[in-house]
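So the sequences go chain by chain: A and C.
Take 1 as the starting number for the first sequence in the numbering used here and just add one per residue.
Take 1001 as the starting number for the second sequence in the numbering used here and just add one per residue.
Among the hints, a few may not be true.
Interface residues of chain A toward chain C, partial, derived using beta-carbon atoms under 8 Å [to be verified]:
| # | residue |
| --- | --- |
| 1 | 215 |
| 2 | 263 |
| 3 | 284 |
| 4 | 288 |
The set of hints was computed from the structure by calculation and includes no laboratory data.
Keep in mind that this is a model prediction, so the values were computed, not measured.
Glycine is no exception: its CB is placed at the ideal position from the N, C-alpha and C atoms.
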Amino acid sequence: MNFGFTEEQNLLRDQVARFMQEACSMGKVRELMASDDGFDAALWRQAGELGWLGLTLPEEHGGIGLGWIDLTVVLEETGRGLSPLPIASQALSAAAILRCGNDRHKADWLPAMASGEAICTLSLYDDANWIDPGAITLTGVAADGGLQISGSKPFVADAMAANYYLLAVQGPAGLCLAAVSRDQVEVAPQQHIDPTKPMGRVTLNDVVVGDDFILPLKPDDLAYLTDVGAVAITAEMVGAAEAALNMTNEYAKDRIQFGKPIGQYQGVKHRLADIYVDIESFKSLLYYAAWTVDEAPNELARAASLAKGYASDAFAQIGIDGIGLHGAIGFTAEYDIQLYLKRSKWARPMYGDSDYHLDRVATLGGL
Amino acid sequence: MDFEYTADEQAFREEVREFLAENLPPKAERGKGFLATWLTRVREKGWVGFSWPKEFGGSDGGLIEQTILREEMALAKAPPLGSSFMGLAWVGPGIMQYGTQEQKEKFIPDILDSKVTWCTGYSEPNHGSDLAAIQCKAVREGDNYVVNGQKIWTTGAPWSQWIILLVRTQFDVEVKHDGITCLLVPMDAPGLEVKPIENMAGEKHFAEIFFTDVKVPVENRLGDEGEGWKVTVSALANERSSIGEVTQMFAKLDTLKDLVRESTRQGRPAREDPKVRRTIATFEAKIAAMKYNGLRYLTKQIKGEPLTSETSVNKLHRASLEIEMDDFAVELTGQAGLLLGGSDEAVDGGKWTKSSLSWPNVVIGGGTPNIQRNIISERILGQPKD
Chain A
1 MNFGFTEEQN LLRDQVARFM QEACSMGKVR ELMASDDGFD AALWRQAGEL
51 GWLGLTLPEE HGGIGLGWID LTVVLEETGR GLSPLPIASQ ALSAAAILRC
101 GNDRHKADWL PAMASGEAIC TLSLYDDANW IDPGAITLTG VAADGGLQIS
151 GSKPFVADAM AANYYLLAVQ GPAGLCLAAV SRDQVEVAPQ QHIDPTKPMG
201 RVTLNDVVVG DDFILPLKPD DLAYLTDVGA VAITAEMVGA AEAALNMTNE
251 YAKDRIQFGK PIGQYQGVKH RLADIYVDIE SFKSLLYYAA WTVDEAPNEL
301 ARAASLAKGY ASDAFAQIGI DGIGLHGAIG FTAEYDIQLY LKRSKWARPM
351 YGDSDYHLDR VATLGGL
Chain C
1001 MDFEYTADEQ AFREEVREFL AENLPPKAER GKGFLATWLT RVREKGWVGF
1051 SWPKEFGGSD GGLIEQTILR EEMALAKAPP LGSSFMGLAW VGPGIMQYGT
1101 QEQKEKFIPD ILDSKVTWCT GYSEPNHGSD LAAIQCKAVR EGDNYVVNGQ
1151 KIWTTGAPWS QWIILLVRTQ FDVEVKHDGI TCLLVPMDAP GLEVKPIENM
1201 AGEKHFAEIF FTDVKVPVEN RLGDEGEGWK VTVSALANER SSIGEVTQMF
1251 AKLDTLKDLV RESTRQGRPA REDPKVRRTI ATFEAKIAAM KYNGLRYLTK
1301 QIKGEPLTSE TSVNKLHRAS LEIEMDDFAV ELTGQAGLLL GGSDEAVDGG
1351 KWTKSSLSWP NVVIGGGTPN IQRNIISERI LGQPKD
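Please model the complete structure; the sequences and the hints are all you need to start from.
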């Protein structure tokens, strides 16, 4: 029985934290926020060289051969600094190829993903707030040698940075993932609440995607990808929530009102304690969920829903209270706490909000 | 990370299960002498004071084995391991750490043998959460302390034989934590009067205690004079893994789900009601969080890393769950949920109704939630004391 990290995982955490401090600090993040694609090729290359982009890929495909606990460590730390790098999208695309692809897909695509040469993103649902096969509405019809697809995916994470896309499509023989490259699609940025998480609309105009680029997506594959998506997002949420707490906690020690640090007032200190309790709790649920991905797949659905179901609303409230406890300064564009509020709102619906996940917990628990 | 147990740990779990199969008959089949037999058997196994050192009659049980033992006992809904909850939880550990040889020989065996039940005299009429401000007074006269004053909310006082008592032996102190002394007092001491207080559930579990010139021999002082606060704090710091509680709460959640399946709301099955489903799932998320928080903290302990006050996290979850789960059951079942036992319409014999009035035992008894929040904010987050 050991519910802790290995020495190697602790070293990995230190390495990512150092990278975030030195190469991708908040100044850099704000620079990327102002750019069109939120992407920095040099940082991305560095992440590839450090092995973070192939962390969960087998060694035979150029990866490191580690697991989801290790990936969780990386995403917690990049989430802590609100990194806009599309590491989660890359990892989820890799999970999709490992799960749904054939040997050739894996051999052809995964090495380029591990190095970072291919920047890949995954888009499953087209409905704004529905986790269900019926929420995939982009349709493909049979064409000579493949599927002809017309229409768009409205909510594609990291769409501007990516050069490859895995898009869920209703095909003639059921759901599938269509792998398309940047030159086959039109990408339009979506202006949205969190500038550290670029998102865009990807449109296909009568694009014929060859059979070799179509991966079957069975219902349990879709469920799996949704669950690991929830795990990845929750990992980023844990790091971001801890950063928001840390920032607010330090501010409460320094800010003097009525002659005392505001952290001395129970209205402030108790809220900070409750935030700590919530973060500790969804962190523990996250670690368990990440562990199930590789070690206990039968428990993944419940574990992912417990973690994301708890974290979605808790983090959203932490974002709000982070501003509230700061007061007016928290409301300014210049101060970083506001970026965490935005991240908390962005993360809430991703791969299912708390209503979805808690309802599923009830179902899985026999109600 | 792994959740596997070693072969030895598995074997220990099997041993506990076999013991339970042999020694824990179904409730209906338990005769009059069952509890006495149970207490003797678990004592023979060395499971009372399992974590205590062997020299004091314990078993030197390791952290994982303790967890396994508590988990299996909770799964089987077994009676407690020993009749003196407080004796085992902090009086015994306090005596082992601070007691004289005579005190150890006099008190420890009786706690392990379930011969003596202890209560804890901390709170006073004006000092509950602010424990260090106590005023109950003891004056040294020759070989005795003479105690005068009052304690209140003393759980178990009506049936306990001994009390671990905090008194003030010095009043002119700069820091209120100084000048406090810890005494071990028999409840039948002349001048000690117990007046039970009825709680809102109609039970008489706690009491007021009045001390009028109660003579306590100096040999019954635990630790040095004026060191009572230190004795208390380190005894209460015997934080235990919450895994047994978690197992009990999962079991309670299961019975709550049964209740949901049998209930209707507005004429429709309650299990289809989104609010009902979300509430149940929220309970499950909190209990599961307690479980994995507990395992994370246990891992830290096993690695020899100090726990600060992380256990306050689970105490806060437990407090809210104790209140909310019973309250939910009462609300779910509408007017029937108001009925106590004795009526056909009463839900599960009125058990939810009754326990919806009993949560302060747990929620207030071990330090109120706001005290736990202070602990987290000050000791973990480093905020200034208020």
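These are the hints, each one checked on the structure:
no. : hint : verdict
1   : 215  : 30 Å, violated
2   : 263  : 4 Å, holds
3   : 284  : 4 Å, holds
4   : 288  : 5 Å, holds
Going down the numbered hints, you'll see the structure goes against just number 1.
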